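K.L.:
Given next are the chains, with one letter for each unit.
2 protein chains.
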Amino acid sequence: MIEDRIKDIELRKKITTAENAALFIKNGMTIATSGFTPSGYPKATPLALSKRIKNNNENIKITLITGASVGDELDGELARNNITKKRIPYQTNDSCRKAINNGDIQFCDVHLSLLPQYINYNYLEDIDIGIVEASEITENGCMIPTTSVGITPTIVKKAKKLIIEINTSQPIDLRGIHDIYTLPNPPKRTPIPILNCKDRIGTNYIQIDKNKIIAIVFTDIRDDVKKLAEPNKDSNLMAEIFLEFLDHEIKAGRIPRKLLPFQSGVGSVSNSILNGFSRSKYDKLQFYSEVIQDSMLDLIDIGKVQIASGTAISPSPEGLNKFYDDIKRYKSKIILRPQEISNNPEIIRRLGVIAMNTAIEVDIYGNVNSSNIMGGNLMNGIGGSGDFARNAYLSVFFTKSTAKNETISTVVPLVSHVDHTEHDVNIIITEQGIADLRGLSPKERAISIINNCANPIYKDLLSDYLKEAMKSKKNIPILLNRAFKCFESLEKTDTMKRGNIVYYANLINRKGDDYEEKSK
Amino acid sequence: MIEDRIKDIELRKKITTAENAALFIKNGMTIATSGFTPSGYPKATPLALSKRIKNNNENIKITLITGASVGDELDGELARNNITKKRIPYQTNDSCRKAINNGDIQFCDVHLSLLPQYINYNYLEDIDIGIVEASEITENGCMIPTTSVGITPTIVKKAKKLIIEINTSQPIDLRGIHDIYTLPNPPKRTPIPILNCKDRIGTNYIQIDKNKIIAIVFTDIRDDVKKLAEPNKDSNLMAEIFLEFLDHEIKAGRIPRKLLPFQSGVGSVSNSILNGFSRSKYDKLQFYSEVIQDSMLDLIDIGKVQIASGTAISPSPEGLNKFYDDIKRYKSKIILRPQEISNNPEIIRRLGVIAMNTAIEVDIYGNVNSSNIMGGNLMNGIGGSGDFARNAYLSVFFTKSTAKNETISTVVPLVSHVDHTEHDVNIIITEQGIADLRGLSPKERAISIINNCANPIYKDLLSDYLKEAMKSKKNIPILLNRAFKCFESLEKTDTMKRGNIVYYANLINRKGDDYEEKSK
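These protein sequence lines map, in sequence, to chains A and B. Residues -3 to 516, numbered by the working numbering, are exactly what the first sequence covers, in order. Residues -3 to 516, numbered by the working numbering, are exactly what the second sequence covers, in order.
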């Protein structure tokens, strides 16, 4: 086992227990780890750390930097034991989220493509210890990452000390799936030579300064990947609308007949959209994305995928089994890159990636909230959505038109938090329909979004608001004193529906100008 | 004269009057023109068009697409005569702005780097006629642009018909200053081979399909460039703060000793900041920017500039004279590129551009409003600020801490319109000081911005708001029902100052938790 996993004989001397490795972690340290989605993050060391803290009642506070979200063994355990004091750049863990919203953890939300360079530019705290998961250490002391690459190459370069977790649940056959290419700091950068999703430009290992390694830990804890919700009527409807739109765009000459690479956000809705492709006429699909999900594996199975490039593979538990069982076949269709490459604006704009992301809420002007509910309650973070939306050939956002049993309209007068501005949103799709915002003014956008995307339950409210706002003689028809009333209503009456509270407020004058006439 | 300016003999037959050229413009057309800032835009044809409309009481409505803002002969004349029905992507003209805010013109605000590809992808209306200013038509029927490049190469390629204005006020010696390189549509794009601000990668002319040319018009109307406000105490203070910060960053190893290229927004404040460099120890400055302004010419004069790359030269009237008088010398230090290259994310991120832009207002969370006052009154548009801020090595925003005789705080609880989100703003500088937001959580950012950037007159109000918001137990300390109260106060009492109206609203509990303690 050890012989298979650590081929560099000298390094075998560094093998120790997770408990011993965790002892290196001291109060006040900045710890950076591998991991992107609950894939490829260290598990044994953080578990040992939190166990120690729990048992000894120690007071240890650290800053935790990862590629993106990680599993509960890391984010959950550390948050529940009050170990994390600052968290960068993204998370999806219940305990961690709760601690952030409580104010117990300071959260710094960063575009995922920018994080590696923020570390390289010394913008963040120095990394005292890096903890990275590997499937193998090669003859020359290089590491093979596992199910994600994320910021691992950056950690290995910049951390003062390194703990490596060899995870034996990760197949040794992962070797070859990665393509490690990192960027020097300006002014030494040169073009990134990716001209096609399938281009491999780097190595399949990460070079390590062996002197930095303070511990190697063996573990067999599997990636804590999540089950996805089944596609439902609404997500299937959105997929259909999107595919119909694709047809239309191709016919209009706005998208090439052979399509362009797709990026797809993470989660159930995105997964459903991709599922839609399996029922479509399209094949030879290319993905230049972040995360390889179940639907991409399924599309590979039916021969519809040319290449899926990302920074992590993070399917459901069943999907992960399927991937492990047939890894050699999948490996020929999958490339895992560092997130500074998977999410790089240069490549996204060059390849002409069609970006598909989900929104928490959209407003009638075309702004999108991806991260904070009611203006400040963190859900997950902006993640990579900004990297893609801003540089995409076409930037598409999906959201169901209502939430929480129709008590919430996800189409609101003004989003309570802006992650993607009106300038970065081309298309909005709900189960109600599609708003194509390209070339439209704020007034035209508002009408299109209300007419096409809002739920019928909320259409009147939004129209009344807009009608009143149109009277204000502004470029953007907005009423600052009423724009957030829907959230007030929600807070006080548990619904955004009309009647419970002065909602889009005092709209007594219903005989005003008809906004639809004005918009011609 | 004609012989000098039109070397292609065949094309001389197309010479006609501006009046005749303007006759080609019909109701419902989409017209795209050269021009970026009041530089290099067509003047005679739009003047002739508006004169005709005025005299004949004709009803002609067009969509007008330009590189960015243009002069009054175009934007002003067409707006005042109700000719413009839709305007894309940016403007700075009083009459045009008024018509947009009135609802007479529909305005579509687009990132300047995206506009050329939106045209190439057929996302916008087809261009019926392109009107472009040239200093010269070469032997082979190619055109030499004048003081801006902007979207001219895209117009020449995509417009169905072309009108060329030969402007004899533009020196024939402009030839050689331009570097024309355009991008094919995906999937045919390859890396843009700029590794250094000084790299020339294209031609110094724009190829034209001669069959498209329907008229060539001669004019000698000069670029309607604007006088800049003199640097004042506040802008000088901001320059000093920025230069001190640069020193500090270099010492800390976060910016290379030889500096990196700078981008500078347009206008008086930006000009003052650049002026600061003349008094600094820094030389061999490089600019990878949009607009070459007076301060850059001055820096060239004192030998401090290696290269200034942009898409337009737009100094004051005196600056323009200076440039014309010594064009051969300046030409060796200036490159004018298409805006899809000057503002390209690929190059900006590769070169590590330090982006310096101005804000209309900033909020305590780090969001920036660059475009719309009171949420909807358009000032100019987002312009290129987003292209740079999002891809910069370091994204810096400048604003004086108050406006309109201190009745307005430019640091507000929540910006009334978001152009740059918290994720894209590293540094905020006012005359009061500097907030370094890198690696900070929303709460930490709020404290830093209030303490360092807000004007003392408004500090208490902002602190009280924040203190109250901190109680809400959110990742982002926000009170949606109070966040816009300052704008309500401004609207009703002409000031954001406390006392006139319930401002940051009902902050009766002044004995709450001290937010400063909490932020440790």
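Wrong hints could be hidden among the right ones.
If chains are identical, the list can't say which one is meant, so a pair holds when it fits in one copy or spans any two.
[Claimed, not checked] 30 angstroms max Cα-Cα, derived DSBU-like pairs, lysine-lysine:
#  : residue 1 : residue 2
1  : 81        : 324
2  : 94        : 223
3  : 156       : 247
4  : 154       : 247
5  : 222       : 94
6  : 277       : 324
7  : 157       : 194
8  : 469       : 400
9  : 154       : 254
10 : 222       : 300
11 : 400       : 208
Quick caveat, the hints were computed from the structure, so don't treat them as lab data. Since the structure is predicted, the reported quantities are computational estimates derived from the model, not experimental observations.
K.L.:
A separate judgement is required for each hint: does it hold in the structure or not?
P.N.:
Right, here's what the structure says about each hint:
With identical chains, the CA atoms of residue 81 and residue 324 are never at most 30 angstroms apart, being 41 angstroms at best within one copy and 59 angstroms at best between copies. For a Cα distance limit of 30 angstroms, the shortest separation of residue 94 from residue 223 inside one copy, 21 angstroms, qualifies, whereas the shortest one across copies, 54 angstroms, does not. Taking the shortest alpha-carbon separations for residue 156 and residue 247, only the inter-copy value of 21 angstroms comes in at or below 30 angstroms, while the best intra-copy value is 55 angstroms. For the homomeric pair residue 154 and residue 247, the shortest alpha-carbon distance between copies (19 angstroms) is at most 30 angstroms, but the shortest distance inside one copy (49 angstroms) is not.
Within a single copy, residue 222 and residue 94 get their C-alpha atoms as close as 19 angstroms, which meets the 30 angstroms cut-off; across copies the closest is 53 angstroms, which misses it. Taking the shortest Cα distances, residue 277 and residue 324 sit within 30 angstroms of each other inside one copy (27 angstroms), while across copies they are farther apart (59 angstroms). For a Cα distance limit of 30 angstroms, the shortest separation of residue 157 from residue 194 qualifies neither inside one copy, at 34 angstroms, nor across copies, at 40 angstroms. Taking CA atoms no more than 30 angstroms apart as the test, residue 469 paired with residue 400 passes between copies only; the shortest distance there is 22 angstroms, against 35 angstroms inside one copy.
In the homo-oligomer, the alpha carbons of residue 154 and residue 254 lie at most 30 angstroms apart only across protomers (23 angstroms), although the nearest pairing inside one protomer, at 41 angstroms, exceeds that limit. In this assembly of identical chains, the alpha carbons of residue 222 and residue 300 lie at most 30 angstroms apart only when taken from the same copy (24 angstroms versus 57 angstroms across copies). Taking identical chains as interchangeable, the C-alpha atoms of residue 400 and residue 208 are never at most 30 angstroms apart, the minima being 50 angstroms within one chain and 57 angstroms between chains.
Hint compliance for this structure: hints 1, 7, 11 are not met, and every other hint is.
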